[in-house]
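Once you've looked at the hints, go ahead and assemble the two chains, each given alone in its own frame, into the complex.
Protein sequence lines correspond, in order, to chains A and B.
First residue of the first sequence? That's 1 in this note's numbering, and the numbers climb one at a time after it.
First residue of the second sequence? That's 1 in this note's numbering, and the numbers climb one at a time after it.
FYI, nobody ran anything at the bench for these hints, they're computed from the structure.
Every residue, glycine too, gets a C-beta built ideally from N, C-alpha and C.
Take these hints with a grain of salt, some might be off.
[What the hints assert, rightly or not] Here are the in silico distance ranges between beta carbons for each label pair:
hint	chain 1	residue 1	chain 2	residue 2	range
1	B	Glu220	A	Pro755	30 to 36 Å
2	A	Val166	B	Glu220	53 to 59 Å
3	A	Thr748	B	Arg246	29 to 35 Å
The chain contents come next:
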Amino acid sequence: MTMTEQPGWLTKGEGRFSDFATWFIGTGMVLTAASQLVATKWADDLFIVLTLAVIGVILGYLLGLSRFRPFACIGLATGYGIPAIGWQIGARFPNTLTWLERLSNIYDLAHTAWQQFVHNEAVTNPILFLLLMGALFWVLAVNLGYQITRHANLWKAAIPLGLTMVIVQIYGRYIELSSAYLGVYLFLTLMALGRMILIGRIQQWRTLRLPFPIQARWDLTRILLVTASIIVLVAWNAPALGDTLPAMENSWQRMTQPWQKLSDRLSNFFAGLNRPLLIVAQVYGDKLPLGGGNPLGEDIIMVVEAPKLDMPGARYYWRANVFDQYLDGGWTSTPQQSMSFSPQLPRFNTPGYSEQIPVEVEIRPIHSLITLFTPPNPTWVDLPGTIKYQPLPDGEIETVKIDALEAVGAGSTYKARGMISIASAEALRRSGENYPDWVLANYTQLPPTITPRMRQLSYELGASGDNPYDIAQNITAYLRQTITYQDTLPALPVVSEPLDWLLFDGQIGFCNYYASAEVILLRILGIPARLVSGYAQGTPLSENPDLIVIQGNNQEATSQETQKEIYVVRSRNRHAWPEVYFPGYGWVPFEPTANQEPLIRPETSESTTQLTPPNQGPTSEQDLLDELIMLDKQAQRELRTAPPSFPTQGGANRAWVLWLVVIAMLLMLFIFFRWRRRTAQQTIVPSIPVLLLGGLHKLNLPAPSFLRYWGAYSQADQITRAYEEINIALSMLKQPANPSHTPSQRATQLSALLPHHKDVIWQIVTIYQQKTFGIPPDNLPPLNEQHKCLRKAWLSLWWQKTNPWNKQATQIRSAS
Amino acid sequence: MTQTVHELGKNIIENIEKVIIGKRGAIELVLVGLLCQGHVLIEDVPGVGKTMLARSLARSIDAEFSRVQFTPDMLPSDITGTSIFNQQTQTFEFRPGPLMAQIVLADEINRATPKTQSALLEAMQERQITVDGVTHKLPQPFMVLATQNPIEYEGTFPLPEAQLDRFLLKVRLGYLNKGDELAVLDAQQYNHPLDTLQPVASVEQILKAQEAIKQVNVSEPMRNYIVEISRRTRIHDDVYLGISTRGTLGLFRAAQALAAINGREFVIPDDVKALVKPVYAHRLILAPSARIQEISPDAILNQILDSLPVPGGDILSTSNG
Chain A
1 MTMTEQPGWL TKGEGRFSDF ATWFIGTGMV LTAASQLVAT KWADDLFIVL TLAVIGVILG
61 YLLGLSRFRP FACIGLATGY GIPAIGWQIG ARFPNTLTWL ERLSNIYDLA HTAWQQFVHN
121 EAVTNPILFL LLMGALFWVL AVNLGYQITR HANLWKAAIP LGLTMVIVQI YGRYIELSSA
181 YLGVYLFLTL MALGRMILIG RIQQWRTLRL PFPIQARWDL TRILLVTASI IVLVAWNAPA
241 LGDTLPAMEN SWQRMTQPWQ KLSDRLSNFF AGLNRPLLIV AQVYGDKLPL GGGNPLGEDI
301 IMVVEAPKLD MPGARYYWRA NVFDQYLDGG WTSTPQQSMS FSPQLPRFNT PGYSEQIPVE
361 VEIRPIHSLI TLFTPPNPTW VDLPGTIKYQ PLPDGEIETV KIDALEAVGA GSTYKARGMI
421 SIASAEALRR SGENYPDWVL ANYTQLPPTI TPRMRQLSYE LGASGDNPYD IAQNITAYLR
481 QTITYQDTLP ALPVVSEPLD WLLFDGQIGF CNYYASAEVI LLRILGIPAR LVSGYAQGTP
541 LSENPDLIVI QGNNQEATSQ ETQKEIYVVR SRNRHAWPEV YFPGYGWVPF EPTANQEPLI
601 RPETSESTTQ LTPPNQGPTS EQDLLDELIM LDKQAQRELR TAPPSFPTQG GANRAWVLWL
661 VVIAMLLMLF IFFRWRRRTA QQTIVPSIPV LLLGGLHKLN LPAPSFLRYW GAYSQADQIT
721 RAYEEINIAL SMLKQPANPS HTPSQRATQL SALLPHHKDV IWQIVTIYQQ KTFGIPPDNL
781 PPLNEQHKCL RKAWLSLWWQ KTNPWNKQAT QIRSAS
Chain B
1 MTQTVHELGK NIIENIEKVI IGKRGAIELV LVGLLCQGHV LIEDVPGVGK TMLARSLARS
61 IDAEFSRVQF TPDMLPSDIT GTSIFNQQTQ TFEFRPGPLM AQIVLADEIN RATPKTQSAL
121 LEAMQERQIT VDGVTHKLPQ PFMVLATQNP IEYEGTFPLP EAQLDRFLLK VRLGYLNKGD
181 ELAVLDAQQY NHPLDTLQPV ASVEQILKAQ EAIKQVNVSE PMRNYIVEIS RRTRIHDDVY
241 LGISTRGTLG LFRAAQALAA INGREFVIPD DVKALVKPVY AHRLILAPSA RIQEISPDAI
301 LNQILDSLPV PGGDILSTSN G
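Pulled out of the complex, with its shape left as it was, chain B reads as follows (with noise of 0.2 Å):
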């Protein structure tokens, strides 16, 4: 079952590596968010590739994609879709907006007044929207991509942390090295890899691995990990709050994803280290006297996971936990 997802993972992050390349760890991460049925806010400067990694995992998979620009003078409804009265039929029909789609590329989401964008997370979390009254589901399986520009905030309406919660990772793209950037060129002189991309899955077969990860086995000593890192978060001098609960259940997700795509049915620490940073880093809110000094939430979670032994690491550990 999980040689399944592993064989099925493998190929849809060597489809998009035609796309995208020297990305494989960010591919790896959205590849889990989609897995845990969660979104994944990718924070960078444009043009490296955000984009094309939403568009090209959706073609990867054979599903619905849709994009947003999100812009200030947006409307809830200019995402969730409109009841448009037909004259011919005497009755309001429901027209969806781009949300109702698989995979949503929401470009620039601080951009948007806070209205939106707060119509836009109950929509990612209740993967359902109400217009005029009448409920409608949202696509299985439907993902949000999120990106946030870091460098560019003026006219921006910047996420609030708490809201920030409902993303389940965190990617930074990141520019690429030499070669990976040259390889790009080459990759791209005559036409883009994007038109001649192929879908390697179904979305049944996302389904189906969807609730296959669930089954990933997540020891004793792992999950007394993964909450002691948690329970660190809270009581660091640096932190002014800590993780949720949805977050330690993110990681613990997460973990179960990516052992999961690693052909795994266990989860090992290295997974949980892996994943610390991009499921945490964003949750946490800093103490205002760390902002000053500018520490990093990086900082903070390698310094505690850098205080931590490991669950298994030696013999002692490994006794009595």
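The shape of chain A in the complex, shown without the other chains (with noise of 0.2 Å):
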């Protein structure tokens, strides 16, 4: 072979692993680890990141097949890599822009960014985190797709991956099904090492030219599918099959101890940042689709300690947005008119209403968010920040949303004040119909595509009642009692107006439908109705059994402040409520959605007056940092065990999914010998017990005699099965043949106790024999019916003998 001069960035194309499942298993790899990402939804256009991955992993493979050196190969990596990011961040701005300005604008919001994230200010787009993470996964992609070819070493390729992911499922804690991408992710890097450990293995067969069945691929591709399933499975469940077992639940605890430790220390760390650099609880924009709804979870969204609203009818609702506009099956916060705001400042400038008192709550969120929660009809927070609002016609305004200036980290907290009503039924019913014009102008809009049917049945629920009151009331009830609450929905058949599908003919539904269609059937009968999205109110501390223990250690601040209650607000409470004008009393809230518990108001104001005196603040400052202090464990303590594992779901849960796992194992393991003996003939892997032999032997441990047995007889033909029915009949029958003993003497042995199945035992012995000593021929019986024969007749004598019934049987015990 003669050397050709090569040039320095190129190598000697050899050794290369090239195998088409891996690689496909390797993308597969990758597009998990981007799907977790994307499931996170720290930023919108985070599906770019999918793009990336894919060409990065393919682009790996052809470098890793290639005869450039390893820094060449960078060296295309990055070249490559920076304009497949910008292609793709430039392909998310609108199609009027040239290419040029894309990346203008690019350049422009990256630098914003960075001047914002440098002076330590919240950082307003996520331009430089798409730029991180495009890099990020692009980097971890062709590293992936080079390690495997060029070097064959899987570790190198999906530690980084998989670490990332880590990280990613540790911070992205709203992640849908979060474990479940790590699941996939751990099964397909199994999957991959089985595959490329079996390709290396037939390598060197071919290399020292061992015979091999051509099954043998598809063989143990398939017993690997099964191992790498079953030990996902397995994996997957320990935490959960812990929670069932005190012991269990222990001794996993103290596995996990170190890596909580360490979730803690980097928690901190990232905290020591000062910085969101991400805001996650953006739940509520400028619009409201009505949607197909999401699995709600348990995860703690923010704690609120509010004063305690000891009178019926009064609840606490967290407001996020109002939205007045429904057009096209859709909210939309029409008011585009905002003023920064500064604490300072003693109130927003917020019309009074009678029969309203005001609270002050601190809230502490547990993600950053900029769209701060209030009270109901906010009047001040403790931040300064931009309010959006409606302007009235005196200068006053009606507050929309509130968004802090500067992103509240998690972790911190911040107060504000707000106006809940405590109207009276029947002052509200009293009320009249005296709306001013800006609540007409705004707040009683219809969509064209209101249905002749839903006019008639709002005008149905209207006539049941003579004032708003009553009629909100009444559609209240109506459609507490008529919509089936569902916190998701299929497919929605394709119809210009969802909220008639849902009235008429879905009835099932979740708050947004409830609150929407409340809202317009009061707007059709000339009600000012709007809708407010935003969290109920929560969980009270003191309703929680959980939490109860931490309350006792803190007894007497609690005794202090019996009029003070602390909310955990939970990814579950997310809701949207209608709330209807009354003049004089401004917005009321009302619920229908019927998984909430109904909002009745007192009939009449003199079970109002007790009310609890407003700004009941802490009675020091000391006792409210303990109890946030307290809280603050409580939050975090719950936020390590709330996904896995939540107290009100109790164990029955956890036994149930136990048991599936256990069936589900079962039926692989079924499915797995039915597919070996349909296949025998041709399988090549040894079956279960000579595994596990080969594994003991090879940790030089001693196989138990029940594994050797097992082993013995599934690789046992049927002749030697059949004679082994003779070893297991003597042993049934208590009468165990000595190891000494020869075939014949075994076969005489059972002749006895079995006279009548003489024949069938010596013509299984003389076969066995044959088998066995001599040099058998090709066509030996198989000795299937000898076999079942003998099975019978042995089982009937063991029957008739330990057969409590059998008086024969009986007597011959009593006898003896």
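Below is the structure:
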């Protein structure tokens, strides 16, 4: 072979790992990791990493196959990466822009974001993050492809990606099915690993010129599949199983303790940056489509300390945004005016209404947020921010949404004040219909898609009451009764008006649908109403059985503050509700959603006299601090345990999962064995006991006798099994054969017990001896019939002997 | 092929049974010895049919039979034959002794002097005799049935144990049970059945059968089993000298012959178990302590057989041997 002079950037193109299945699995791994990142919803256009990852991994394979030296590969990967990332992000911009404009836009945005970051301000656009993530996944994907193809090294390929996934997992608490991504990733990694080992072995066999059956690949791959599935299933359910057994749970906690410490450290480290890089809790924008709904989780969104509301009908809602316009099956918040606000100002210039009490609450969000949650009718927050508002004629404002100037970091707190309506039903009935113009102008708009039967329904419901309050109550009651709550909906039929479908056809929905329906039905009757989004009150700490222990520790503090309550607001409390305007009383919430407690207002105002005094804040700063520290710990603890096991779910759920896993595994084994049996002629893979025996042998451990027996039996042919039936029969009939007895001695022994089956027994033994000791001819009879016959015979004898209802046997026993 | 051996064996055994009643096992063993080209030591009290067994065997296969009654004054030439000067031809002529036969009954072999004994044993081993520098081949088949009286030891020269190794099998006849003994009385009331015994096989058939049994299959586990039995006799505490390789080979061959006689083309554990004592018992030299305790070789062999898992006995012994 003549050696040609090679340029410095080329290397010999030998020893490349090329296997399409592995490449396919590798691409799957990259896609899984990228999908996990997308599922965090940390930024809108995050899905560009999916494209980047796929292109990256393909490039990685090609580079791995190529003859370029490593440094040349790095150069090429970078060279392709920068345009690829630029192209992907640029493609997010409107088509009207030229590519040059897009690129300069990217630069501008990135520059601004960088400036904001450097000056410790809230980064207002996600471009920096997108760039970072795009680059990260590009590098990871190229690395994976390159490592697999060039070095056949799965560890270097998979571990960086896996670590990234774990970190994303830790910080992305809102990912749906979060652990499933890691599970799929682990599964794919195992598959790739097995596949690579298999290919390596086959190459080795080829080198050694060992013959191997063609089915070996398929056989081994199948086993790989089953094994990987079992490993992932078991690994995934280990923590869940642990919950069912206290002892296991302890050891599990002991095992994971160092990890949790590390995780705490890490979050401290990131908290130390004092910079919420990602805006997570931007739940509600200015648009609110009715949507298909989400399964709502148990993650804690925020913890609110608020005065206790003792009177009936008063309830907190943590509002985020107010919507006034309903069009095309979605809500829009139309007011566009905004003004900045500083906490030095005493309060917003909101109109005053009667029968409202001021409240001051302290909110501790668990995730950083910009749009602040406030009590209804907010009047003040202790953070500088921007208020989006609806201007009123006399210079007053109607707050729509409050954004903080700087994101509120997870774990910090802010105070907010608002007004809660405690108007009695009687008062609201008497309030009349003298609506101000701005209310009628903004809150009675109807979409053109309203159907006649919706109007019909609205009139029917309206006829039953003679004042807006009663009508609203009737509609609320009607909705609670007829619509079934369901947090996710199937794909809706294509209709012009989803509310029509909801009211008459589907009759299932979640809060958005209930609230929208109520608002629209009211508006048809000319009653002004609006839709408010945010969170429902949440679980009061005193009602949460799991948290009582914590409270008990702080008995003194709580007894002093009997009129304060701490509400834990979780993801599942996400809510939308209607508010109806009553002249003189302002906006009053109603609760049509069936899974929420009904909101019952007191009939007369007498009962509302014993209000909680407003601003009944904590008695001392120290108490509040204590409580917050305690709360913080609690929240952290909750967060740690929340995803896998939530206390209110109970152990029954876990046990169910356990059973599911057991059944699934049995099913797999069953399928596996069926498969084996059907392809028994072709399979080259030893049976499970043989595998186990081999493993034990390699570990130099003695195999238990049952396993050896199982292994021998599984390998035995039909004739040997038929013969073994003699031994089984002897031991079951309590006359176990002496190991030194020859087959014919055993046959004689059993013939004495089963004289009628002597012939069968000797047939078996004769054939068996021929097979075992002689040079067997090809056409030995399989002995299936004899085997069955013998089994039946000894079983019936055994049953006669052991059957407690058999008189003869009893007599024999008693005689003996 | 083994089928013909089976037929042959069956015919011979049935034929001999006309004379020797109730001793099928012993007859079978003697036949095994014949088919293995081995020699058989019959040890038993006088009058239980040792001579009859040898005679009827010779008659059945139409073989040349001779009998040597050993006495202390017997010389080697008395059994091998001598060269005698023929005055008419003026040459030495060889006069063959009783050993020049196909079936030789060496009665009371322990009464002969060691000199004579060793001449016999040498002939048994070499299958030839040398007289006056001339080697004479012994006829084929050649089989010595030596008898030994276990009771009357006075004035005897017991065979050294090493010499006993030359005998493939040691057979015991033992007394008959009552029914068989009555049958003997009936059969011999008027004449001896030996007188009317007809040959049922030819010498050629025997020679063929001797070759045929070598084809009987002894599977790997069975070979292991045989060797393991021998090995265990060598490490047994009560045994001073265990089984020699000739003994192992003897058991191997005997098992083949027995399998063939039973019409099988392969050896099964039962064959080996049946033959262990006849083939091995006389070869074991017991340790002095065992002799004092009067432990018999049979007991030791029983113990070994009972402690050894039989090949193919159950599924585990089949799979990993």
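We went through each hint and held it up to the structure:
Checked against the hint of 30 to 36 Å, the C-beta distance between Glu220 of chain B and Pro755 of chain A comes to roughly 35 Å, which is consistent with it. About 56 Å separates the C-beta atoms of Val166 of chain A and Glu220 of chain B, a value consistent with the hinted range of 53 to 59 Å. Taking 29 to 35 Å as the suggested C-beta distance range, the pair Thr748 of chain A and Arg246 of chain B conforms, at roughly 33 Å.
Hint compliance for this structure: every hint is met.
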